[in-house]
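J.: So you can see what is in the structure, the chains are spelled out below.
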Amino acid sequence: MIGGLLSKRETMTSDQPSSPSETEISVVESAPKRRDVLASVTVGLGCAGACALAYPFLDSLNGTRGENAAEDDTIEVDLSAIAPGQQVIVKWRGWPVFVQRRTPDMLAALRAPGLDQRLRDPASTIMQQPKDAANWHRSVVPEIGVYVGICTHLGCVPNYDPPSTADTSGHYACPCHGSQFDAAGRAFKDAPAPYNLPVPPVTMLTPNRVQIGKSKGDPGFDIANIQQI
Amino acid sequence: MTERPTHEAGWLEKRLPIVSVFRREYVDFPMPRNLNSLWSFGAFAMVALGLLVLSGIFLAINYTPTMADAFASIETIDRRVASGWLVRAIHMGGVSMLFATLYVHMGRSLYYGSYKTPRELIWLTGTGLLAMVMITAFAGYILPWGQMSYWGATVVINAVNAVPGIGHPLASWLLGGDGLGDVALHRFYVLHFVTAFSILGVIALHVASIHVSGSNNPTGVDPQGPDDTVPFHPYYTSKDGLGICLFLAVYAVLIFFLPNLLTLSDNYVMANPVVTPKDITPEWYFAPFYAILRAVPSRLGGLVLAAGSIAVLFAVPWLDRSPVRSARYRPLLKIALPVLFFSFFMLGMAGMHAPTAPWLWVSRLCVAYWYAYFLIMLPLLPKIEKTYPVPVALQGQN
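As given, the protein sequences belong to chains D and Z, one line each in that order.
Counting in my numbering, the first sequence runs from 1 upward without gaps.
Counting in my numbering, the second sequence runs from 1 upward without gaps.
To be clear, the hints were calculated from the coordinates, so they are not data collected in a lab.
Any given hint might turn out to be false.
[What the hints assert, rightly or not] Here are some chain Z residues the structure puts well away from chain D; computed CB gaps all over 10 Å: (1) Ser37; (2) Arg80; (3) Ser265.
[To be verified] Simulated restraints on C-beta separations: (4) Z:Leu170 with D:Ala224: 30 to 40 Å; (5) Z:Phe257 with D:Ala224: 30 to 40 Å; (6) D:Ile75 with Z:Val275: 36 to 46 Å; (7) Z:Arg79 with D:Gly217: 27 to 37 Å; (8) Z:Trp173 with D:Gly220: 52 to 62 Å; (9) D:Leu61 with Z:Trp173: 53 to 63 Å.
Think of the CB as a built atom: it goes at the ideal place given N, C-alpha and C, for glycine as much as any other residue.
Bound conformation, chain D alone (with noise of 0.2 Å):
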C-alpha cells in the first residue's frame, strides 16, 4: 500500500505529462487513492487503540492476582475420629473435599476382578491426580481416600453410601444426574461423568493426621492443572 502511495506521489510530482488533460487525469486518479490510504491507516490506528483501551478492562475481569500466594491454603485434617468406612467432609479453598477411612473389604473391592472393564479410567491415566496417587486406591496411602467431592460431569456434590451388610464396597452417586462413582472416586462407564474425581494434593503428617493442599510425593502439583475441577 505505501509503495503504490509513493509511485503516486512520485507520479504527481515529477512527471511532466505534455498535455493539460494527462495531469488531470493523472491526479484523478491517484488523489482518491491517497486519501484512501490515509483513511484505512486512520480507521486501523482506531481499532488499535479501541483494542489497547479494552485491554485493561477485559484484564480486569480476571479478577484479584496472587491471592492464593499470599494466603496459607493448607489444611490439616485429624483422622483419629473417623471410623473405618466412615467419611467426613472437609472444606479446602473452598472446595467440599471427602475425607475416607477405607475397611479391608473395600479395598478388596476396589480391586476386585471384572470392575476395571465397567470403570472410564481405572489405572488413573488422566490427569485427576498428584503422582503419588496415580495408583489402584487413589491415595497416598491405601486406608485414607481424599477427593474433591464435585462432580466431574456437572459440578454436584456426589453421595456418599457407605459399605453396608449388602455392599460392602462403598461408593459415590451423584444426585444431579446419577453419576457413579467406586469409593477410589472413579468414574463408572454406564453414567455421565467423564472422569474420575479429582484428588487434592495431600501429605500424610502422622498415620492419624492428613495435610491437605501440599504434596510431598508430588511437590510441582497444582490443582489448577487437571483435566476437570
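Please arrange chain Z on chain D, whose structure you already have, making use of the hints.
T.: Positioned in the frame of chain D, the structure of chain Z alone reads:
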C-alpha cells in the same frame, strides 16, 4: 459525495431510519465553516464521560459499598485486581479531565454568546449537566471511604442540614437515619451511578437541541447560506478527531506519569469518625465553590453564595441583554469576561489554601466580582457598550 446513493430504501430504512438520520445529523450536517478548536471541547467531554462510565462499570464489579469493606475493596482494585490500578486511574483521571473540559466548554459559551437565543435550552441543559456532574463527583468521592471521603461527606451533609426548612428532611432522605454509615454509603453508591446514567439522558437532550438550532460560531453570526457552512464529515470529524488525540495524550500523561498529582494522600487512610485530617482541601474542581463557601463568616451565607454562584448561571441567557452574541464585537465584555475567568481561577487557588489573610480577601473580592458580572454587568453593559460592526457572512472570518 456525489457518488453517494440518494435512494435509501433498505429493509431497515423503511422501519427505522437510523442510517439516514445519522447521515443527516453527523455526516452531511452543515456546520459553520469558522469554528475554532474551542468547539472541540464538547467532543472531549463526551470522550471523558464515556471513559468514566466504562471504567465505572468495571470498578463497580469489584467494589463493595459497606463501611467494613469499601476501603479494602478499593485497595484490592488498586493492588490485586488484574489491571485494576489502570481502570481506577482512568476513572480518577477522567473526573479531572471532564471538569477541566466542562469549564473550558462553558467559558467558550460565555465568550461567544452561545447561550443566547435560540440556544437557551442548550445552555440550560448544559448548566444542569454541570450540576449533575458535581453531584455525581461528590457521591463518587465518598465511595472509597477514606478520610477525605468521610470528612468531605460530613461537611456537605451538615451543610445540607443547615438549609432552613428543607435541609433536615433532605439530609435524612440522603442518610436514611442520623449518621454517616452503611445505609448512607450504600445510598451514595446508588446515587453515584443513577446520576451518572441520568447525565447520559440529559446529554441526549443537550445534543438534540444543538442539532435543532445549529452550532454557534466565533462571530456569533448565523451562517447565511451554503458558502458559510461545511459538512460535519470530514471537516469536523477530522478536526475533533485530532483534538481528541491530543486530549487523550494529556489524559494519558495524567494517568501514567502523574497519577498522584490530583489525589490527596489522606484519602488513602481509612475513614475514622473520631479524627479529622489536619488539612482538608477539596478536589481542585470543587475548590472555587469551596472558597465561596468560606468567604463569608456565616454558615447559611456561605451556602447561599456557593449554591447561588451556580444557580445564577441558569439565568444567564436572560441576564445578558446585548443583541450581539460574540465578545469579539463587544469591547467592554471582552475585558469583563476574562476578568471573570481570572476570578474563577483565583477562587480555585483560594480554595486550595487556608482561609487566612491574603486568600480570604482574594476569595471575597472574586466572589463579589462573580456576582457583579452576572447580575450587574451582563444586564447593564449593553446600555453603555458601543459594539463593533458584526460581519454579514462567515467566509473569511476564521
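J.: Now look at each hint and say whether the structure bears it out.
T.: Evaluation of the provided hints:
1. Ser37: holds (19 Å)
2. Arg80: Contrary to the label, Arg80 of chain Z does not stay out of reach of chain D, its closest Cβ about 4 Å off (not over 10 Å).
3. Ser265: Holds, since 24 Å exceeds 10 Å.
4. Z:Leu170 with D:Ala224: 30 to 40 Å: violated (52 Å)
5. Z:Phe257 with D:Ala224: 30 to 40 Å: Since the Cβ atoms of Phe257 of chain Z and Ala224 of chain D sit about 36 Å apart, the hinted range of 30 to 40 Å holds.
6. D:Ile75 with Z:Val275: 36 to 46 Å: holds (40 Å)
7. Z:Arg79 with D:Gly217: 27 to 37 Å: Holds, at about 35 Å.
8. Z:Trp173 with D:Gly220: 52 to 62 Å: Holds, at about 59 Å.
9. D:Leu61 with Z:Trp173: 53 to 63 Å: The hinted range 53 to 63 Å is violated for Leu61 of chain D and Trp173 of chain Z, with Cβ atoms some 35 Å apart.
Taken one by one, the earlier hints fail for this structure at numbers 2, 4 and 9, listed in ascending order.
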